[in-house]
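As given, the protein sequences belong to chains A and B, one line each in that order.
Note that the first sequence covers residues 5 to 444 in my numbering.
Note that the second sequence covers residues 1307 to 1430 in my numbering.
Where hints are given, some of them may not hold.
[Said to hold, decoys possible] Listed next, the in silico SDA-like pairs over lysine to any residue satisfying Cα-Cα at most 25 angstroms (straight line):
#1 Lys1350(B) to Ala288(A)
#2 Lys132(A) to Leu1324(B)
#3 Lys1371(B) to Val366(A)
#4 Lys1371(B) to Val276(A)
#5 Lys361(A) to Leu1419(B)
#6 Lys1423(B) to Pro365(A)
#7 Lys361(A) to Ile1409(B)
#8 Lys361(A) to Phe1416(B)
#9 Lys388(A) to Tyr1401(B)
Simulated from the structure, these hints should not be mistaken for laboratory data.
Being a predicted model, the structure only gives us computed values, none of them experimental.
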Amino acid sequence: MSLIFSFIPYIKRLIVLILILFGLAVGFILSKALFDLSIYSNAVFDFMIDKSSYNVAYFSSSLIGALGIISFIGLVLLVGSWVERRMIAKFQIRVGPNRVGIFGLLQPIADAIKLMQKEVLVPAVADKLLFFIAPVAIFIPAILAWAPIPWGPNMTYLNINIGILYIFAVSSLTVPIIFFAGWSSMNHYALLGSMRTVAMMVSYEIPISLSLLSVVIITGTLNLTEIVLWQSSNSIWLGLLIPFSLFTFFFSSTAEINRTPNDIAEAESEIVAGYHIEYSGMKAGLFMAVELGNAVLLGALVTSLFLNGWFLFGLENYIPPYIIFIAKTVAIYIVLIWLRATLPRFRLDQLMNFAWKMLIPVSIINFFMIAIETTIITNLDSSKYIIYLFAIINIAVFVGLIILWSKIFKIDKFSPEKIAPIFAQKIGGIKAMEGTKSVD
Amino acid sequence: MIVEEYFRVFLLLILSILFPLLPLSGSYLFSKINYRPFNSNDVKSAIYECGVESEDITWRQFNAKYFLYALGFVIFDVEVIFLFPWAVIHSEQSYDIFLKVAIFVGVLAFGLLYAWKWRALEWQ
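Could you build all of it, start to finish, from the sequences and the hints given here?
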């Protein structure tokens, strides 16, 4: 009898295990019908083109895809915040939210309802229009950047041949919107936070573009689907072939989306809450939500650019490809949570030095190396295995460059400061005049 | 065909504007049924400043170092945009185009080193 009682604490886990197995079984049965979700969109297109014109059919089939993306993001915003809080709690040896619903799964919904009930405070001196626009408009880049993501063989909402440029163009819209939020609040902390964020984001956009340049050089295309197919046809993940680009892209993107190792914008100990200090209620919740959505978007981008998208060692023939894609995305998201739980925040001057003195010069060296390697690969197409040789060389060079460059960095750090003049003082008109107060 | 593809961007743009308006309108509805409190006063609608009144206007001169970083960003971003068309066709091209790109990037890299030497990259 006591043996049975000793199992009681494990019953909850047993139930979870049974539920997971049941879900897998149901998924396997349904996987025939759910293998390629684009058939539903195509079916709508075929149905509508009989009834009405081509444009209406195209519109309705596009709407299916758009609603699919939007509902996926809505689901991510609800489940993701629960996952993040539970995982952070596990890292800090706490329990985490476990009261609302089973395992606290309904906690995000309760949070949303609570935020909606809260009183909305708008500063009397604020710029009302921009103050309202900022939390709404910040969703535009976060959602539009999902469009060219390849979920599966036929499941790309926007299959354009300039996918990477499109993502650059759309994601850089975040910079002015964050500045709207800080500037319209009329708060010293908010303006300072948004200025620092803008300076950091524009600095880290260059390493991102240079690291993706190596991807484009080696694959010869800007289309995300073709990049995924290139990786599977050469049977190597780009993250292994060009590890420095993966590192640069991942680290710089955490700066771009204000995740914790680099969340200068929200440094509570320095500038309270950064650019969204004056926002309350649901508007503050929207800023939190978009940060989470961007983290998952980063996971999707890393997956399709560096981790071979929906391919996983032949498993994509048995499991729906988009499930594999989402699994890889969630894995990257969990790495981000891990980083958040582990690393402290970097200082702003450290981050700026890292971007301008380390990432940009080393990225330039890196993409020249990749260009020479690509020339060798295309001219020497006798052996396919040379690509694996280059992968080993690149990993070695990646480690070597980081060690070498940090040594150069140290020499620079201890150089006498009085020899070189300060640049900002040399250009007289730009610096604030003597006597006028200047915000740091 | 291109117009059709970018119509999909437009559709997603409309939905992405409607998406955050959904919870905001829920918040608005709560205020309509007098469930959400709304009693503002001077102290509440003042800007946050750690408990004291905010001094001076916020929109004023700012430090020049932000401007320097923005300048560097513009130079290098334009460089990258010029490099992307080359990157797509690189594998089909001969060596002399690669040499020209090397000279182009080399000039900019030299500029970066020059700015580094003159301490324009220091966050002072």
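Structure-based check of all given hints:
With a C-alpha separation of about 16 angstroms, the suggested pairing of Lys1350(B) with Ala288(A) holds against the 25 angstroms cut-off. With a CA separation close to 20 angstroms, the supplied pair Lys132(A) and Leu1324(B) stays within the 25 angstroms bound. Proposed proximity of Lys1371(B) and Val366(A) is supported: the alpha carbons are some 23 angstroms apart, at most 25 angstroms. Between Lys1371(B) and Val276(A) the alpha-carbon distance is near 22 angstroms, which keeps this suggested pair within the 25 angstroms criterion.
Proposed proximity of Lys361(A) and Leu1419(B) is supported: the alpha carbons are some 9 angstroms apart, at most 25 angstroms. Restraint check: the Cα-Cα separation between Lys1423(B) and Pro365(A) comes to about 14 angstroms, which is no more than 25 angstroms; the hinted pair holds. For the suggested pair Lys361(A) and Ile1409(B), the alpha carbons sit about 21 angstroms apart, so the restraint of at most 25 angstroms is met. For the given pair, Lys361(A) sits about 13 angstroms from Phe1416(B) by alpha-carbon distance, which is consistent with the 25 angstroms threshold.
Pair hint Lys388(A) plus Tyr1401(B) holds up; C-alpha atoms about 22 angstroms apart against a cutoff of 25 angstroms.
Of the numbered hints given earlier, the model fails none.
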